[in-house]
Every structure is written in C-alpha cells, then in structure tokens.
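What follows is the residue order along each chain.
Number of protein chains: 2
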Amino acid sequence: MLSKVLEPDSIAVIGASSNREKWGYRILDNIIAGGYLREVYPVNPNEDEVLGMRCYSSVLDLPRRVDLGIIAVPAEIVPTVLEECGRIGVRGVVIVSAGFGEVGNTELEDRVRDIARDYEMRMIGPNTFGFINTQLHLNASIIPQMPGEGGISFVTQSGTFGLALVDWAASQQMGLHLVVGVGNKADVDDSDILEHLSADQHTKTIMMYIEGIEQGRRFIDVASRIGKPVIALKTGRSQAGSKAALSHTGSLAGTDRIYDGAFKQAGIIRARTLEELFDSALALSISPPAGGGIGIVSNGGGAAILAADLCEDLGLHLPDLSEDTIRILKSVLPAIATPANPLDTAGDGSYEMFKAVTDIMLSDRSINALLVIYVHAEMVDPCLPAEAVIDVREGCDKPVVTSWIGGTGIGAAVKLLEEHRIPNYPLPERAVVALNNLVRYKRILQKR
Amino acid sequence: MLSKVLEPDSIAVIGASSNREKWGYRILDNIIAGGYLREVYPVNPNEDEVLGMRCYSSVLDLPRRVDLGIIAVPAEIVPTVLEECGRIGVRGVVIVSAGFGEVGNTELEDRVRDIARDYEMRMIGPNTFGFINTQLHLNASIIPQMPGEGGISFVTQSGTFGLALVDWAASQQMGLHLVVGVGNKADVDDSDILEHLSADQHTKTIMMYIEGIEQGRRFIDVASRIGKPVIALKTGRSQAGSKAALSHTGSLAGTDRIYDGAFKQAGIIRARTLEELFDSALALSISPPAGGGIGIVSNGGGAAILAADLCEDLGLHLPDLSEDTIRILKSVLPAIATPANPLDTAGDGSYEMFKAVTDIMLSDRSINALLVIYVHAEMVDPCLPAEAVIDVREGCDKPVVTSWIGGTGIGAAVKLLEEHRIPNYPLPERAVVALNNLVRYKRILQKR
Numbered sequence: 057m058l059s060k061v062l063e064p065d066s067i068a069v070i071g072a073s074s075n076r077e078k079w080g081y082r083i084l085d086n087i088i089a090g091g092y093l094r095e096v097y098p099v100n101p102n103e104d105e106v107l108g109m110r111c112y113s114s115v116l117d118l119p120r121r122v123d124l125g126i127i128a129v130p131a132e133i134v135p136t137v138l139e140e141c142g143r144i145g146v147r148g149v150v151i152v153s154a155g156f157g158e159v160g161n162t163e164l165e166d167r168v169r170d171i172a173r174d175y176e177m178r179m180i181g182p183n184t185f186g187f188i189n190t191q192l193h194l195n196a197s198i199i200p201q202m203p204g205e206g207g208i209s210f211v212t213q214s215g216t217f218g219l220a221l222v223d224w225a226a227s228q229q230m231g232l233h234l235v236v237g238v239g240n241k242a243d244v245d246d247s248d249i250l251e252h253l254s255a256d257q258h259t260k261t262i263m264m265y266i267e268g269i270e271q272g273r274r275f276i277d278v279a280s281r282i283g284k285p286v287i288a289l290k291t292g293r294s295q296a297g298s299k300a301a302l303s304h305t306g307s308l309a310g311t312d313r314i315y316d317g318a319f320k321q322a323g324i325i326r327a328r329t330l331e332e333l334f335d336s337a338l339a340l341s342i343s344p345p346a347g348g349g350i351g352i353v354s355n356g357g358g359a360a361i362l363a364a365d366l367c368e369d370l371g372l373h374l375p376d377l378s379e380d381t382i383r384i385l386k387s388v389l390p391a392i393a394t395p396a397n398p399l400d401t402a403g404d405g406s407y408e409m410f411k412a413v414t415d416i417m418l419s420d421r422s423i424n425a426l427l428v429i430y431v432h433a434e435m436v437d438p439c440l441p442a443e444a445v446i447d448v449r450e451g452c453d454k455p456v457v458t459s460w461i462g463g464t465g466i467g468a469a470v471k472l473l474e475e476h477r478i479p480n481y482p483l484p485e486r487a488v489v490a491l492n493n494l495v496r497y498k499r500i501l502q503k504r
Numbered sequence: 057m058l059s060k061v062l063e064p065d066s067i068a069v070i071g072a073s074s075n076r077e078k079w080g081y082r083i084l085d086n087i088i089a090g091g092y093l094r095e096v097y098p099v100n101p102n103e104d105e106v107l108g109m110r111c112y113s114s115v116l117d118l119p120r121r122v123d124l125g126i127i128a129v130p131a132e133i134v135p136t137v138l139e140e141c142g143r144i145g146v147r148g149v150v151i152v153s154a155g156f157g158e159v160g161n162t163e164l165e166d167r168v169r170d171i172a173r174d175y176e177m178r179m180i181g182p183n184t185f186g187f188i189n190t191q192l193h194l195n196a197s198i199i200p201q202m203p204g205e206g207g208i209s210f211v212t213q214s215g216t217f218g219l220a221l222v223d224w225a226a227s228q229q230m231g232l233h234l235v236v237g238v239g240n241k242a243d244v245d246d247s248d249i250l251e252h253l254s255a256d257q258h259t260k261t262i263m264m265y266i267e268g269i270e271q272g273r274r275f276i277d278v279a280s281r282i283g284k285p286v287i288a289l290k291t292g293r294s295q296a297g298s299k300a301a302l303s304h305t306g307s308l309a310g311t312d313r314i315y316d317g318a319f320k321q322a323g324i325i326r327a328r329t330l331e332e333l334f335d336s337a338l339a340l341s342i343s344p345p346a347g348g349g350i351g352i353v354s355n356g357g358g359a360a361i362l363a364a365d366l367c368e369d370l371g372l373h374l375p376d377l378s379e380d381t382i383r384i385l386k387s388v389l390p391a392i393a394t395p396a397n398p399l400d401t402a403g404d405g406s407y408e409m410f411k412a413v414t415d416i417m418l419s420d421r422s423i424n425a426l427l428v429i430y431v432h433a434e435m436v437d438p439c440l441p442a443e444a445v446i447d448v449r450e451g452c453d454k455p456v457v458t459s460w461i462g463g464t465g466i467g468a469a470v471k472l473l474e475e476h477r478i479p480n481y482p483l484p485e486r487a488v489v490a491l492n493n494l495v496r497y498k499r500i501l502q503k504r
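So the sequence lines, in the order shown, correspond to chains A and B.
Per the numbering used here, the first sequence starts with residue 57, numbered consecutively.
Per the numbering used here, the second sequence starts with residue 57, numbered consecutively.
No lab work stands behind these hints, which were simulated from the structure alone.
Identical copies look the same in the list; a pair holds intra-copy or inter-copy alike.
Each computed DMTMM-like pair below joins lysine to aspartate or glutamate, with the alpha-carbon atoms no more than 20 angstroms apart: (1) Lys471 / Glu450; (2) Lys78 / Asp437; (3) Lys498 / Glu332; (4) Lys78 / Asp404; (5) Lys60 / Glu95; (6) Lys411 / Asp437; (7) Lys471 / Asp437.
Isolated chain A, as found in the complex:
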C-alpha cells in the first residue's frame, strides 16, 4: 500500500547523522522542522544521539515496527538495511541513496528491488530527494522548505525541479499537497503514484515532470481514468536532450511523438516549459470554463492588446460582445473607452469600474472565462480593483484569472488575490498560456 509510505504513522531514518553535510542529517532535520507529529526514529550504528534524539544502531532494535523506512546510507549497504527493514515488517521504503542504475549499477538496483518485493515493501527510488506531505506536516525530503497546504500534487523524476517548484510555490502562496521524487523508479513508478493521487482526496490537480516512462500502456490506462487535471512536462524531446536523459536517470526517453500520442490518449495536458507547467497547475486548480469564449478586461491598453494577440496565437476565441453587453458597458465606461473585447477601461482602475466591467463581461453569454489585467500606476490602491474581482467572482461560476502588473507596489493586492485562490500572474502572457491549458482541460473532459 503506497498510502503507508506517503502517509506513514511512524518513520525510521536509516543513516540519520549529526554531520550537517550528510543527507541523513538534512532529512531528519527537515522532518523535525516540518512539524511531523507522529513517531520518528533515527537509525545509525555510529551515533548514540542525533539532533537530540536517541539513535538506534539498527531497525532491528526499534521499539516498534515502523510504516516507513527512509534510507540514506551508502549504496553498497542498502541491501543489508533493506533486508532488516523487511524482517521487522516495514511497509515501504524511500531510498535516497544514489549510485544505482543512474551510474550504470543496474545489478545493485535489481537486487534492491528484489529484496523489497520479497518482503512486499513498496520502494520509492533509489536516487530520490524523498517526498513532502503537507497535510501531515511531513517533509521527508532534502528540500529545505515546507510549502503551504493545498490541492496541487507534484510527481517529479528530477530532484532539481522538486526544489524549484517548492520554492516557486512558497513565493506564490501556491498550496501543495504531495511532492514526490520518483528517482530511478526501480519499484514505484509514475503510474503507481498517479493511482495513489487519483484516490487521494487532498489532491485536486496533478503536475508531473517526466524524463521517460517504461510501462507506457499501464501509464495511459491509469492516467485516462483520473478524474482530475494532469499536466506534465516531458523532456528529452530533442536528440541532445534524450541522450542526456539516458545518462541522467538511465531512462530511455523514447521517441517524442510516442509521448505526444500517449499524453493525448491519456488526457494529459503537455507543458513545454517549467513556467508553463507551474503557471498552468495554478490555473488548473480552479474549475474549467463551460466553453472556449475568453473575455479580457484591462485598465491598460497595451496589456490588453498583448493578451489578445497571444490568445489568437494559441487558438483561444475572443467572442464579440452582445448588443446588450455593449449597451450596458457604454453606460459605465468613460466616454473615451470603446466597449469591446478585449476591453480597455482607458486607465480607470478603480474598484467601481473594475467591479462594473468585470460583472458585465462575465454576464455576457458568449464569455466563458475572464482574464482581468490591472496595470498599477501609483494613483490607485491596487487592492481596490483586486477586491472588485474577488467580490464579483464570489457570485459567479465562470473562471477568472488575473494579471496584476507593477512589481513591489502591488504586493498586498497580489497576496489578496492568491488568498482568494484566484490564479494571478506577473505578466499577461503567462496568464493567457495558463488559461489556455484550463480550456484544453475542458476539451479533454468533453471527450471522455
């Protein structure tokens, strides 16, 4: 059961260390710092005490059977400690240690997997950064910070990108649930994690970073049954990139077109960059629009034009407004503004104007989703138009994303939007790309 690994009641950190340079120190320190409230036991034959906790010389000496063993010992010792875990009935292990398939040592990796399977332990890794479960306040990883709680879960084959995402999420108040590094995937692979996340009530949106997948058929089967949005960045597309992927985690990147087809079949949205992956996961955490009609509102003409261009590039439809909408807009807009989509309020970024135009645009039947762009010009409190969007969105079931532009001066407004779970982006083009993926998700749902 993967849930015993990712939601453990008790943990042994095997290779726990007082040496700050060691992963075994870092992981135990992160578990303590994160505020995990259940049982945790350091294990290391060379230490009596680690981080103020009694250290056991072997898992065989532990006062109880533990659910999860996190293993951070040299590769050659892994089989021994894994055997010991098996003997005391550990439910699953996370092997942080490196030096297996990724350096050509497939024999050792096979041996380790066989031991895990003999004892019916699920095994994540080897060569993984570990995982984070925010709901349990459990940072069982080498990632130095704990993200806030939320509905996005992230499965990654790269430790780097695990680090990058958690950092990015923290800076955006983006709430995460699980962050899992699958490493070499000797036992547990992407499909296993997807199955777990599919049933996991805390996960609403799934983000993946993939270098290569071996059991493609199973992956498609599992992914296509998930009733949640899945967005994935699959690298190793290029010749140079796929050669590099082979030496990085030993995974065969495969022909890229095969992945394109597989993702399509599985209903997985494919991102091309980290920025698209992260930004889109944020948008995919709100409900998709009923159709593809996009409205754009801005107090800055340039930003509205840029957003309209990019909508057209991506095939997003900006419908003409109904005569009713145009008539009502005319009654609230300044005389110099034109009632159209994209809508430019000709500089007026007040609460009243943003409330009125946001409301009117969202009431147009052809508009299914709205992008609101606010450009800060120092004369208005940028929290006021943000509050207008928040207020209008309350009584409306159409998705709204925003782009508040203006750097340091708009910090409080951005925080307000984030707190109200409105996906907000520092540049309008990023909002358009993310919104496009929310529309793509709607199309995927329609095909199912």
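On the provided structure of chain A, position chain B as indicated by the hints.
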C-alpha cells in the same frame, strides 16, 4: 534637436501641482526625488509654491529660457501654454496630457503639432508618461522609481510597459539609460528616437514596444543603419488586438506580415512576449558569439535536458565535443558523469568543478557560447559556482549566460552574477530564449 529634450539643462514643469492626485505633482516630485542637478521650474498660475519651490504663473515669467517644457495641463489649455513655450524659445516639449488623437480628438492634436513645428520645438507625446534619463538622474515621468544606470534604452508606445520594465529592471539590477514613452507620436516618433539612440554613446542596446508605425520606410532606413542590437515587441498582431490598438493610441496596427518583413529588413529582432523582450535585452547587452554552437553545463541533469530540448526547438545547435575536450572533461568529472554536450556534472556544484568544466567547455572550438545552469541544493554555497563562472569569463571572449535556480537561497549569488553583467535567469528556458536572440543578432550582423 532631440538631445535638448532628452538631455536638458533646464526644465519647466507646466501644470506643476501641490495636489498629489495630479500628474503635475507626480512628475515634479519624481524629478526632485531622482536627483536631477540642473535647473527646474514649476509653472502654474494657481500656485505660489509647489513642493517647496517657487511656482511661476507662466513660462513667460521664468528667469531664463528653458530647454524643456513638460506639459501636464488639461488638453484644451495645451495650445496656449505651447504657444508661450514657443515664444520664450523652449527647445522642446513633452506633453503628458491626454485627450487627443487617442480619444478621437485629432483636430486638437494636429493644432498642437502645428504650433510646435511653427516654433521649431520637438514634441514628445501627447498622451505619454514622459521619459527617464538615468545618466542625468532625471526622472521626467510618472514612473515612481528610478532604474539603475546602464546601457539599455527602451522606447515604448505603452505607458504600462514603461512602468513594468522599470520595475522589472530594478528587481534584476538591470541598468537602463533612456526610457521614453512616445505616446501618440504626433511629432517625435520611433524613428526619431532611434536616430537619437543610434548616436547616443550611453545606449548599447535598444528595446522597443510598438503598437503601430506610420512612416514604415523611414523606420526601416533608420533602424537598418543602427550599429546596436534592437529588439522589439510589436503587438496588435491578431484581429482582436489590432482593433484594440486602434482605439488605444489611435495607431493603425497594419497587417502583421508587413511588420515581420520590415523588421527583418531593418535587422530588428522581434520578441513575442514581454518576458522575451526584457530577458533578451539583457542578453543583447553582451557581445554576440562568433558562431551558433551552444554549450550547456549544469549540476542538475533535468535542467540540462530541458535546456537542450528548447535549444533544438529554436534551432540552436548543440555541437558534439571534440575528442580532446572529452578526454580533458573525463579527467575532472566524477566517474558517474558523461562527458558530453549538454554536460551534467552529476550534482557537483563546487567552485572547482564549475571552474574546470566551464573553462574546458569554453575552450572547445565548436562551442561559441555557453549556458551555465546551477541548481541549488543547500549543501554548497551558491556564490562559489557563480564566482567560478565569473573568474573563467574574465579571460574569455565567448558569451556566457547563466540560470541559477533555487529561489531565496541563491539571492547573493544572483546579485554577484548581475553585478558582473552576466545575464542570469531564474529558469533555464528563459536563458535559452534570450541566448537564441543573441545568436540571431550575430546573424543579422553577418548579413550587413
């Protein structure tokens, strides 16, 4: 002479105000706060003193003739004050006031232009945010902050994007020289500013935001004679966007393909997003590579693969390394790393490793430019690999760009790179896009 406008010895702020809500307050306040050391005179018949300075009721009362008049009075009064400027021999004016061509009031705009021409005054605007000249510490604009000094100048038809850039530049320690809002371009247009920047010794790189250009032939002539990189974002590409552009600044956006051709002929690099525009301007501030061979170095495999993929997408060439390079790399790399391009140091982000591999890669004859990606993992001081890149780059004439990934923990390292004028990006994909535009600039130079 546009230089008397953009490098004035004396300024009158006409419409200067004690009311913080007025542009006339904001601009005078910004001029004072910016530290402009030459003469500045507030002018307003309804005020005796503004911001602690004596206020003159008309430019006719000024103790001396001024070079520049900045006009922030209601549109209908502009002709009168402009006449007065002409009579005392003001060299040029910046008209911040709105309410002209952009709201259909072309008659008033024509009248204002005629007055300026009668008196041989150059006129920027109307409907502009003003301009910034960092070298003179002159913030003659409504932009609330003064960017640092540097070699990038920015010409923009959108006030919004002027604000956004200055903010972005400040957050990145990106040095700017001139930031000019051209507004409605009733007299001075993009071509005039380009001519000025072409001769301006402080400007090394030119960034433009364009919604529409009227005198295309002249623009191409001027742009194609500039011996500096020019990168431009031209919006209004889409149908919806070009309709919006028409109502925003009254400029005819024109068929987009015409602009594509014109930019190509003029040797202007075209950006598609604000992020590409800003990021690429940073890369274009260093010397272009001698050829198109790109090397990639990283301590994180995933980031190297992602960067390699995007290089291939953009048509950037990742050459195979020479046998010599491979041999030397083998002698310094950990046993588990593969000497190849992209190069993954298998996690080693030490000063010694980054110095060695950066040096070796840059010595390979087929590598013309290098992208160094560092992924922070909390065990190493991220300043050390940054210092390695800085040290190696000192004695090398090949361009180097970097991507330090890891958020808050790497702040000091990023600052170090920025201080040494190494273009650095928070995501590897952004570094690749910027580097691609540096390679495009090299090709433009080769065609000339």
